[in-house]
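Protein sequences, first through last, are from chains A, B and C.
Heads up: the first sequence begins at 1038 in my numbering, then just goes up one per residue.
Heads up: the second sequence begins at 683 in my numbering, then just goes up one per residue.
Heads up: the third sequence begins at 6 in my numbering, then just goes up one per residue.
Since the hints were derived computationally from the structure, they do not count as laboratory data.
Any given hint might turn out to be false.
[As the list claims (entries may be wrong)] Calculated lysine-lysine pairs in the DSBU-like style (CA-CA distance at most 30 Å, straight line):
#1 1150(A) <-> 35(C)
#2 828(B) <-> 852(B)
#3 1216(A) <-> 21(C)
#4 865(B) <-> 1153(A)
#5 1153(A) <-> 173(C)
#6 21(C) <-> 35(C)
#7 365(C) <-> 266(C)
#8 862(B) <-> 1150(A)
#9 10(C) <-> 1216(A)
#10 865(B) <-> 752(B)
#11 750(B) <-> 828(B)
#12 136(C) <-> 159(C)
#13 1316(A) <-> 136(C)
#14 266(C) <-> 173(C)
#15 1100(A) <-> 752(B)
#16 136(C) <-> 1242(A)
#17 1153(A) <-> 1010(B)
#18 1150(A) <-> 1234(A)
#19 266(C) <-> 884(B)
#20 865(B) <-> 15(C)
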Amino acid sequence: MSEKSITASRRHMGLKAASRVSNTLIHILLTVISVIWLIPFVFILLQSFRVESTWQVGYVVPKTWGFANYINLFDSDFPRWYMNTFIVAVVTAVLQTVIVLCMSYTLSRFRFKGRKLLMRFMMILGMFPGMLTMIILYRVLSDLGMTQANAVPGLILVYIASSGMGYYVSKGFFDTIPKSLDEAARVDGATRFQVLKKIILPLSKPIVIYTILTAFMAPWGDYVFAQYVSMGTSAGKNVAVGMYGWLNKDQIASRYTMFCAGGVLVALPVTILFMCLQKYYVEGVTGGAVKG
Amino acid sequence: MKQYTDLEYLRLNRLQRLGYRLASGFRAIPKKLASFFAGIGRGIGKAGRAAANEFSDIFTTFINGDFKTKMSYLVMGFGNIARGQVLRGLLFLLFEIVFIGYMVLAGGYWIGMLPSLGFQGREEVMSKGKFGRSVTTYVYHDDSFKILLYGVLTIFFIIAFIYTWRLNIKQNQIAEKILKSGKRLKSGRDDLRSLVDDQFHKTLLALPLTGIVVFTVLPIIFMILVAFTNYSGANDGRVNLFHWMGLDNFNAMLNWSSGATSYAATFGEVLAWTLIWAFFATFTNYFLGMLVAMAINKKGIKFKKGWRTILVLTIAIPQFISLLYVSKMFAKDGLINLTLMDLGIIDMEHLLPFWEDPTWARITVILINIWIGIPYLMLITTGILMNIPADLYESARIDGANAWQQYSKITLPYMLFVTGPYLLTSFTGNMNNFNVIYLLTGGAPTNYKSTAPGTVGYTDLLITWLFKITQGAEAKYYLASVVGILVFVVVAVISLIVYNLLPSIKNEEDFQ
Amino acid sequence: MASVKLTGIKKIYDNKVVAVHDFDLEIKDKEFVVFVGPSGCGKSTTLRMIAGLEEISEGTLEIDGVVVNDLQPKDRDIAMVFQNYALYPHMTVYDNIAFSLRLQKRPEEEIYRKVTNAAEILGITEYLMRKPRALSGGQRQRVAIGRAIVRNAKVFLMDEPLSNLDAKLRNQMRAEIILLRQRIDTTFVYVTHDQTEAMTLGDRIVIMKDGFIQQVGTPQEVFEMPRNIFVAGFIGSPQMNFFEGELRSDANGYNVSVLGKRIALDEQKCELLRRNGVAGLKKVTVGIRPEHLEVDFENGDSSVRGKVRVNEMMGSELHLHVSAQGNDNIVIRTPTVDLSAEHRSSLANGCDISFSFRSKVIQLFDPETEESLLYR
Chain A
1038 MSEKSITASR RHMGLKAASR VSNTLIHILL TVISVIWLIP FVFILLQSFR VESTWQVGYV
1098 VPKTWGFANY INLFDSDFPR WYMNTFIVAV VTAVLQTVIV LCMSYTLSRF RFKGRKLLMR
1158 FMMILGMFPG MLTMIILYRV LSDLGMTQAN AVPGLILVYI ASSGMGYYVS KGFFDTIPKS
1218 LDEAARVDGA TRFQVLKKII LPLSKPIVIY TILTAFMAPW GDYVFAQYVS MGTSAGKNVA
1278 VGMYGWLNKD QIASRYTMFC AGGVLVALPV TILFMCLQKY YVEGVTGGAV KG
Chain B
683 MKQYTDLEYL RLNRLQRLGY RLASGFRAIP KKLASFFAGI GRGIGKAGRA AANEFSDIFT
743 TFINGDFKTK MSYLVMGFGN IARGQVLRGL LFLLFEIVFI GYMVLAGGYW IGMLPSLGFQ
803 GREEVMSKGK FGRSVTTYVY HDDSFKILLY GVLTIFFIIA FIYTWRLNIK QNQIAEKILK
863 SGKRLKSGRD DLRSLVDDQF HKTLLALPLT GIVVFTVLPI IFMILVAFTN YSGANDGRVN
923 LFHWMGLDNF NAMLNWSSGA TSYAATFGEV LAWTLIWAFF ATFTNYFLGM LVAMAINKKG
983 IKFKKGWRTI LVLTIAIPQF ISLLYVSKMF AKDGLINLTL MDLGIIDMEH LLPFWEDPTW
1043 ARITVILINI WIGIPYLMLI TTGILMNIPA DLYESARIDG ANAWQQYSKI TLPYMLFVTG
1103 PYLLTSFTGN MNNFNVIYLL TGGAPTNYKS TAPGTVGYTD LLITWLFKIT QGAEAKYYLA
1163 SVVGILVFVV VAVISLIVYN LLPSIKNEED FQ
Chain C
6 MASVKLTGIK KIYDNKVVAV HDFDLEIKDK EFVVFVGPSG CGKSTTLRMI AGLEEISEGT
66 LEIDGVVVND LQPKDRDIAM VFQNYALYPH MTVYDNIAFS LRLQKRPEEE IYRKVTNAAE
126 ILGITEYLMR KPRALSGGQR QRVAIGRAIV RNAKVFLMDE PLSNLDAKLR NQMRAEIILL
186 RQRIDTTFVY VTHDQTEAMT LGDRIVIMKD GFIQQVGTPQ EVFEMPRNIF VAGFIGSPQM
246 NFFEGELRSD ANGYNVSVLG KRIALDEQKC ELLRRNGVAG LKKVTVGIRP EHLEVDFENG
306 DSSVRGKVRV NEMMGSELHL HVSAQGNDNI VIRTPTVDLS AEHRSSLANG CDISFSFRSK
366 VIQLFDPETE ESLLYR
């Protein structure tokens, strides 16, 4: 071996070693990050099994394990809240998906008078804080008898009513499907409706699932509006509103571990569903969200 | 400022170039604004001309039209029915009947009351009940809330009617023309069929747009109007009438005359924190998310999918659980303080004031927001990072770029270029990020110096503040509406500036 | 099988841009018409207006004597092949081809027969169960054509169907389209930017530029009798050479001075000029195709002298880029088959060269209007 090739190979070794060091560092970093990200959830899980006390303590691993918190949940209004949220989530997922797809397909595929104007108008509408419209929506809903104990249909109505505004992501996806497919199908004798049914929808599985998934997940986390519509009536609360109350100053001492147990029960189905459909979610986010 | 030619520009140094681009970007704004307003002016002129044309068209159609057309001016759909388009005709006729019925029965009242918002509120009537005891009963008269709401709705309805009436005339005109040229008119069945074909977009848009008009547009108009009244909260309007106040509320909110104790001072403070928060929330997440994505993507890293799944998992868990839990974790009597106390690091006297000290609270919410946001940003940036053509990096390596140079000269410009619009929406989204602030701190710690309504706190954003203004017995909804309008103005101005600056700033980073 | 008649067809976009101006054309039954022109000339727009994918702003379009302006594409009974094939990615080849028949609710038996028949014609029988993703470019092209031919449509539209294929495959598919045409024998409208395709496929060629028809004619007509400089330059490869010249008339007829030479025009050309009323003494643009310039290895009096700038060896022929008489890029095409080694070496880069041409083959244009002085 010549002198030159020895130094070259030594340098090569150096490169390899350097990348090994940096990769090890990155692995450590990622481990730390993962721990930080998972810790709160692990804590919630552990504390939901704690029986010896119901308030916050300075340790995490329960001294006595048990299902008392879960059993207590069923003595509270929690099952009712859970059903409320579940019904809202399922119905919203279906209807909102239909509306969003109608809207985004139309804006992606049709060139009609006022299309640009419509999109700009919706962008401007989006700049108004939606928070303020709640009070009037509450009045309208209460006139329709859809508040307090009957909050479920009211919530559904409000969630889906304006969902057409959230067309960006799926429009971005539809825009990536070549227009010539529509044209070919129309020349082949398809009506616009058949084009949607036979060509576009079968090709849009990822975005349909993404839309369903996000529409299903949103109602589980909505606090503000649900709180408004239920107006303190326990029968009309969703999980977020109901459980928020448990962490109030006067309740937290007796309900803290129940909150954890409830949190586990709420997070479980959503997380499982999410994990199963993760692929589509990632596709939706990376594909549509940025293009907007 | 001097305009440089391309060749002159190339001789400038980096700082000068940046300055020049920024300056020319800002310089373009007045011009763009001017052209924007000129555009509006032209639009108005155009609209005026169009309206004049419409009127003359309506007139000449009447003069030149046959009996059926003339009759349609009074009875909508008459021409359609007489010419065999029964379905269309009946729909027109039905609409006219409904409209007239509504206006006679209710609409007239709402419109008539709109200027005053009602004359008489709740009336107490004392009457002698059984056993001679006096009983108070309440008689309700006008309801300002309903007057405003249904008044606006009635105006919408009138506009829709005028549009439909005009459509009805136009159809007569077209039908006459088609019949004259010897062609067949579309039958009701043709109309129905075209709703799934060439007019399919109307079918698809009907439902979503109705929803948006009723549940977004109408409430927003209502909200804007409320800012000009003294409507204060959820339950009045019926008990106490409210009235038009002109610009008084804006004056109350924006008047500086009482200095540091004025509402305007509070508004300024909250706005400043909102902007700071939006800036940090957007960019910390963006860069750290990108960093994590790049770390996971790096060659030689194992369990790529595993790392990603762990992070993505946290997106699935409803935010109210994680935020509320973490909020309690950082509380004075929360897990962190208790643990540190058990470990003997701090004592009862020196608990860490995560939510009690303004600066601590502000930093903590930003840090927790990073925890919330990184997984999402990691996902987005992963997708884009993988889309950067590999040959860009190969070419850069051959040109002698090291890892940092590759990042700063290729990755970052590319990312900024692709995600520019996303960053803007993310910024404005963070300005209105109600959930994170409200669930974490509820705005705490309270700012006792402020005299403004809504017990404003140091972590309150404009959006949480305006929510608090509408709550409770002291609610001042009209002031919340003013804040809401100002939020809109701020968001719109930022969007306008960024949109105008973006192209000039990324000139050199053109990847397409 | 049908005739197509376009009368005064116009396309005006919302932003007032006019893409197609007053397009008049009558396509006979079973005729193969090619629209050709540079990109943005309006050829695809015109085709899409025939298909119904683009609204017709003005004018009337008739298929088989029926005005179809307001008909949806599905009701016009046309078949179309798209540039990017537009195969439905979620369907197998079989389903792709069967799609239009299924929409017509034909019996499955008939669909099977027609699809397998079409697949056989195109040689894609073995791919029927594959998805488009698993096919090569050429195979996709065949599927797209298959999808069109099962329709038995009145008119067959093709929008640059070969431009996504590589050169070799393109030649092959071109030949197959000629065969296909003989087999299915219907009315074709074909759009391309490639003049070779236009020349080889079309019964008639419509040459377009900036939304205007430049010339309509058989391949031979547009090649030999170009109406204007654009057509002359567009048809033929390498492009026609253009020179400044001066036209004069005397007792014997017309003559033209070009490249420092004065040449008398033959009787046929003189006759055409006379008929068109072209006056003598006039600046003209003279066009000569590269294959009509002949290299003179022995210098004659009539030769033009110049210098070879670039010598391109194409195999069967040489393309010489020559500068002479103030013209920098005169292209000369010389067959290599009879060229001796000595002659060939005398044509190397930088060598002096002399060449000549015959008056019979030259084209004359008005430099102002760019119209031909010979053919109107």
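Results for each hint:
1. 1150(A) <-> 35(C): At roughly 38 Å apart (the allowed maximum being 30 Å), residue 35(C) and residue 1150(A) break the hint.
2. 828(B) <-> 852(B): violated (35 Å)
3. 1216(A) <-> 21(C): Holds, because 23 Å separates the two Cα atoms, which is no more than 30 Å.
4. 865(B) <-> 1153(A): Answer violated: residue 865(B) to residue 1153(A) is near 34 Å, above 30 Å.
5. 1153(A) <-> 173(C): With Cα atoms ~44 Å apart, residue 1153(A) and residue 173(C) exceed 30 Å; violated.
6. 21(C) <-> 35(C): Roughly 35 Å separates the two Cα atoms, so the pair is violated.
7. 365(C) <-> 266(C): holds (15 Å)
8. 862(B) <-> 1150(A): Roughly 27 Å separates the two Cα atoms, so the pair holds.
9. 10(C) <-> 1216(A): It holds: about 27 Å lies between the C-alpha atoms, which stays within 30 Å.
10. 865(B) <-> 752(B): holds (22 Å)
11. 750(B) <-> 828(B): Violated, because 41 Å separates the two Cα atoms, which is more than 30 Å.
12. 136(C) <-> 159(C): holds (28 Å)
13. 1316(A) <-> 136(C): holds (22 Å)
14. 266(C) <-> 173(C): Outside the cut-off at roughly 42 Å; violated.
15. 1100(A) <-> 752(B): Roughly 89 Å between the alpha carbons, so the hint for residue 1100(A) and residue 752(B) is violated.
16. 136(C) <-> 1242(A): Between residue 136(C) and residue 1242(A) the Cα gap is close to 17 Å, so the pair holds against 30 Å.
17. 1153(A) <-> 1010(B): violated (47 Å)
18. 1150(A) <-> 1234(A): holds (24 Å)
19. 266(C) <-> 884(B): violated (71 Å)
20. 865(B) <-> 15(C): It holds: about 22 Å lies between the C-alpha atoms, which stays within 30 Å.
Of the numbered hints given earlier, the model fails hints 1, 2, 4, 5, 6, 11, 14, 15, 17, 19; all others are met.
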